[in-house]
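Chains as they are written, first to last, in this note's numbering: chain B, 9 to 204; chain Y, 14 to 243.
Treat the hints as calculated values from the structure; they're not laboratory data.
Glycine residues also receive a C-beta, built at the ideal position from the N, C-alpha and C atoms.
Don't take each hint at face value.
Claimed, not checked - Derived CB-CB ranges, DEER-like:
| # | chain 1 | residue 1 | chain 2 | residue 2 | range |
| --- | --- | --- | --- | --- | --- |
| 1 | Y | 18 | B | 79 | 48 to 56 angstroms |
| 2 | B | 196 | Y | 103 | 49 to 57 angstroms |
| 3 | Y | 117 | B | 34 | 34 to 42 angstroms |
Stated by the list, open to error - One side of the interface only, derived from the structure: several residues of chain Y facing chain B at Cβ under 8 angstroms:
| # | residue |
| --- | --- |
| 4 | 24 |
| 5 | 29 |
| 6 | 37 |
| 7 | 56 |
| 8 | 61 |
| 9 | 65 |
| 10 | 68 |
| 11 | 69 |
| 12 | 88 |
| 13 | 110 |
| 14 | 118 |
| 15 | 178 |
| 16 | 180 |
| 17 | 188 |
| 18 | 189 |
| 19 | 190 |
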Amino acid sequence: MQELVLIQPIRAAEEWGREAAQAAKRREFEERLAECGPLAYRVARSVLRNDADAEDVAQEALLRAYRRFDGLRDAQRFRGWLVRIVFRLALDRARSAKRREVRETEWAQPARRPAPATAEELAASSEFQAHFDRALDALPDKLRLVLLLAAMEGHTLEEVAAMLGLPIGTVKSRLFAGRKKLAEKLQCYVTSTKKR
Amino acid sequence: MLCDKYKEALIEAAASGAALPVPVREHVDICADCQASIVAEKMLFAAIDSSLHERANSKCRGSFASRVETALNKQPKSQRAIAPAWALATATAILACMVFGAQAFRQHIRHPQVTAGAEPKLAQANLRLSKPEIARKGLSIGKALPNHHPRNTQPDLHVVREPEVLVPPDEREAFAKFVAGSQQTQGLAQALLHQAPAKEDSFPLELIQIAQLEIKPLESQDDEQGRVEK
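Work the whole structure out from these sequences, hints included.
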């Protein structure tokens, strides 16, 4: 004789509906994950400069996004939200890491080094990289985020503007201001190049 | 000294990649120092862009997606956000107020003479007022009359209970799906069974009018009938 179970039809239907909705949400989120996961990682990595930390932060942001996915189904809104939350989480982690280790903030002109001949040589020099990293970290957050997003492959300025919910003019002006501020902080390299 | 005047314009031109304004260009053409300056500025901006590109385009490891999926699987099934402490505190305060309010209300009903104080006098005085007086004084009937809330002391015996059915364990999901489907189409079925409301006003239809109708004798049919008779 077959065993039977006692169920309440309405409750069982409700449970089934909830599970089906959950499964649909999960599928939809996985699509977004495939699309936006690398973006989250890149934003975190560009702030933290460390693979493990970047993965942690990107994962945390994606889990938060999953919890709030019902209100963020629109793809463009989801990307923007994800970028902002990753950036904020990465900044928090970078700041807490900075508190732990006292960094030397040496902005003095480096003493006697051979001047680089080309932009590639200059960018490749570890000294320039260290200065560049510090200069970028010291930029205001709103300028830094625009600079990093605009530098990512496949992002037009219009896309960056849509992602951040800003007018295109604001993105352009922030981009210009950010690059100029970086150049001001790295002026010592211009002087040394001129002296060649 | 003269070159300092053009320094800002040189930096801006190097940053934006735009052409130099005519007076600046004329100066740069004759000034070797400014020529070197603009070359160095352009080189710096190129290095900045290159470094930004490198920093912003790091590739994530292949294991990252699977790592996130594993973390997602560990998430609790119910995705209700955990309420923050302030929300819990507010909810508790509201609940406490409601409980105390309900208790005070019950006491007021049980012993109206204790809690009401001077109210009965006012109520009795108001009872003696005529309707125009009540209207003039801006009193409502409800306010003028003493509150009377007959309490239902009988327990509510109409407990709504959901029916239960016995199903084989392997058909449980299919049954739940069937019930959910029937619930979804319930509204449609009800709409189909209900008679549509008459909407005479919304769609006024005019009777079709035929101006002239010419009726011709069916000659060909008569001919055919005659042939058959023959």
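Okay, the hints, checked on the actual structure:
Checked against the hint of 48 to 56 angstroms, the C-beta distance between residue 18 of chain Y and residue 79 of chain B comes to roughly 55 angstroms, which is consistent with it. The hinted window of 49 to 57 angstroms between residue 196 of chain B and residue 103 of chain Y holds, with their beta carbons roughly 56 angstroms apart. A C-beta distance of roughly 49 angstroms is found between residue 117 of chain Y and residue 34 of chain B, which places it outside the suggested range of 34 to 42 angstroms. The criterion of a C-beta within 8 angstroms of any C-beta in chain B is met by residue 24 of chain Y, whose closest approach is roughly 7 angstroms, and the hint holds.
At about 7 angstroms, the closest approach between the beta carbon of residue 29 of chain Y and any beta carbon in chain B falls short of 8 angstroms, and the interface hint on this residue holds. Interface hint at residue 37 of chain Y: violated, since its Cβ lies 17 angstroms from the closest Cβ of chain B, which is beyond the 8 angstroms cut-off. Interface hint status for residue 56 of chain Y: upheld, as the beta-carbon distance to the closest one in chain B is roughly 5 angstroms, under 8 angstroms. Hint on residue 61 of chain Y holds. Least Cβ distance to chain B is approximately 5 angstroms, under the 8 angstroms limit.
Satisfaction of the interface hint for residue 65 of chain Y is found here, the shortest Cβ-Cβ separation to chain B being roughly 4 angstroms, below the 8 angstroms cut-off. The closest approach between the C-beta of residue 68 of chain Y and any C-beta of chain B is roughly 5 angstroms, which is under the 8 angstroms cut-off, so the hint is satisfied. Checking residue 69 of chain Y against chain B: minimum C-beta separation of about 4 angstroms stays under 8 angstroms; hint holds. For residue 88 of chain Y, the interface hint holds, the least distance from its beta-carbon to any beta-carbon of chain B being 7 angstroms, beneath 8 angstroms.
The beta carbon of residue 110 of chain Y comes no nearer than 31 angstroms to any beta carbon in chain B, farther than 8 angstroms, and the hint placing it at the interface is violated. Hint on residue 118 of chain Y is violated. Least Cβ distance to chain B is approximately 34 angstroms, over the 8 angstroms limit. For residue 178 of chain Y, the shortest C-beta to C-beta distance to chain B is roughly 6 angstroms, which falls under 8 angstroms, so the interface hint holds. The criterion of a C-beta within 8 angstroms of any C-beta in chain B is met by residue 180 of chain Y, whose closest approach is roughly 6 angstroms, and the hint holds.
Against a cut-off of 8 angstroms between C-beta atoms, the interface hint on residue 188 of chain Y holds, since the closest Cβ of chain B lies about 7 angstroms away. About 4 angstroms separates the beta-carbon of residue 189 of chain Y from the nearest beta-carbon of chain B, less than 8 angstroms, and the hint is met. Restraint check, residue 190 of chain Y versus chain B: the minimum CB separation of about 6 angstroms is within 8 angstroms; hint holds.
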